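Student: Each chain, written out:
2 protein chains.
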Amino acid sequence: MFANQRRAAGETMKIGILGSGDVAKALAKGFAGRGDEVKLGTRDSKKLADWLKTAGPKASVGSFADAAKFGELVVLATLWTGTENAIKLADPTNFAGKVVIDATNPLDFSRGMPPRLALGHTDSGGEQIQRWLPDARVVKAFNIVGHAHMVHPQFPGGPPDMFIAGNDAAAKETVNGILKSFGWQGSIDVGGIEGARLLEPLCILWVIYGATTGGWNHAFKMVKK
Amino acid sequence: MFANQRRAAGETMKIGILGSGDVAKALAKGFAGRGDEVKLGTRDSKKLADWLKTAGPKASVGSFADAAKFGELVVLATLWTGTENAIKLADPTNFAGKVVIDATNPLDFSRGMPPRLALGHTDSGGEQIQRWLPDARVVKAFNIVGHAHMVHPQFPGGPPDMFIAGNDAAAKETVNGILKSFGWQGSIDVGGIEGARLLEPLCILWVIYGATTGGWNHAFKMVKK
Numbered sequence: 153m154f155a156n157q158r159r160a161a162g163e164t165m166k167i168g169i170l171g172s173g174d175v176a177k178a179l180a181k182g183f184a185g186r187g188d189e190v191k192l193g194t195r196d197s198k199k200l201a202d203w204l205k206t207a208g209p210k211a212s213v214g215s216f217a218d219a220a221k222f223g224e225l226v227v228l229a230t231l232w233t234g235t236e237n238a239i240k241l242a243d244p245t246n247f248a249g250k251v252v253i254d255a256t257n258p259l260d261f262s263r264g265m266p267p268r269l270a271l272g273h274t275d276s277g278g279e280q281i282q283r284w285l286p287d288a289r290v291v292k293a294f295n296i297v298g299h300a301h302m303v304h305p306q307f308p309g310g311p312p313d314m315f316i317a318g319n320d321a322a323a324k325e326t327v328n329g330i331l332k333s334f335g336w337q338g339s340i341d342v343g344g345i346e347g348a349r350l351l352e353p354l355c356i357l358w359v360i361y362g363a364t365t366g367g368w369n370h371a372f373k374m375v376k377k
Numbered sequence: 153m154f155a156n157q158r159r160a161a162g163e164t165m166k167i168g169i170l171g172s173g174d175v176a177k178a179l180a181k182g183f184a185g186r187g188d189e190v191k192l193g194t195r196d197s198k199k200l201a202d203w204l205k206t207a208g209p210k211a212s213v214g215s216f217a218d219a220a221k222f223g224e225l226v227v228l229a230t231l232w233t234g235t236e237n238a239i240k241l242a243d244p245t246n247f248a249g250k251v252v253i254d255a256t257n258p259l260d261f262s263r264g265m266p267p268r269l270a271l272g273h274t275d276s277g278g279e280q281i282q283r284w285l286p287d288a289r290v291v292k293a294f295n296i297v298g299h300a301h302m303v304h305p306q307f308p309g310g311p312p313d314m315f316i317a318g319n320d321a322a323a324k325e326t327v328n329g330i331l332k333s334f335g336w337q338g339s340i341d342v343g344g345i346e347g348a349r350l351l352e353p354l355c356i357l358w359v360i361y362g363a364t365t366g367g368w369n370h371a372f373k374m375v376k377k
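Which chain is which? The protein sequence lines are H and W, in order. For the first sequence, our numbering assigns the number 153 to the initial residue and increments by one for each residue that follows. For the second sequence, our numbering assigns the number 153 to the initial residue and increments by one for each residue that follows.
The reader is advised that the hints may include incorrect statements.
Intra- or inter-copy, both count: the list cannot distinguish identical chains.
[What the hints assert, rightly or not] Keeping only pairs whose Cα atoms sit at most 30 Å apart, straight-line, the calculated BS3-like set for lysine-lysine is: (1) LYS205 <-> LYS332; (2) LYS198 <-> LYS181; (3) LYS240 <-> LYS376; (4) LYS376 <-> LYS166; (5) LYS376 <-> LYS198; (6) LYS181 <-> LYS210; (7) LYS198 <-> LYS332.
Derived from the structure by calculation, the hints contain no laboratory data. Bear in mind the structure is a predicted one, so any value in this text is a computation, not a measurement.
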């Protein structure tokens, strides 16, 4: 039975998970905790021998194809660089019609940390502005929150978080000081102006969240412990 | 004096702001509240006549060039579609060496709401996965938080927020149910699988935040009131 058919509350599912890393194990534990049967798919089942001993009677291990075939719902939890090959080995026909949760991220570590996105994301407004103003020291800031909350933002649980990006360290220090004087807890520096590729999507998410919830008094915060 | 020179605490600045909308006014109010002198630049100063009456003695209005020339620090708070022209009218040489805060977002409303990003952002891992699995119903999920917090996330102030994207409404409903059973407050649906372009950058921000703060127990939350 495919997962698109409505299930009675409490009915369990068969879950196939491609991957053998921390994400695969964390989600396997979550599904098993709901009572679901879970099969992890890997190229090397020996890697999961220790895990399997502690994973309980609902968990099993197999090949990528075994896991994809087993799952009424399939989770992709592979490293990006191995994802295409894992799908090929799993056989795309084993995914047909099924819900597939894509928990991967297309990360490119070839230029060190932090990773970059390996596809798409080739430009941003911040970079365009820097090209238009080659002699200015552009800092992307204030673009991830509505105007009502740019200065002295007041939210339950304290101020939200601001991310900034720019090529000039002193300019970012200036903007960080402005943010502090505006009641923010400073800012998180995401790197050069190409970091605007990471920040401009937050504007769209901010809009979608407002449209979904019907209100415009919200802002991004990293909750932590 | 340019803003790259260190200022004594409390020393005021001259701020030029390009734009006459809510963002420009909100930031002008913030800077004036710090004691800074602020000049808003606009093509049509009549639009700001009412605002100017209430903006206090530190505020003034002029052309785009007036504001850019005036500011030791310049803020771009124009609509994206008018930004290039505003910069041309302001004369790029008036920005040379200055800190320029880019508060714009490159929004394309031509296909309705929510807006799309007008440049860059041409592809994503989620879309690639959907192309590799054309008959599956791919849902981007679980990619914006570390594995330790994917299931029953516990943070001060309640669970963080999860965003999902996918082409199939029933598949997203299934994933939303899984998220609820995993202790999340459901999820925010950002639209088709191309919404992965908005979600994958969050992974990088999550990593940068961890590297900056030296910890990995954090997650995105929309704070609201």
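Student: Check the structure against each numbered hint from earlier and tell me which ones fail, lowest number first.
Tutor: 3, 4, 5 and 7
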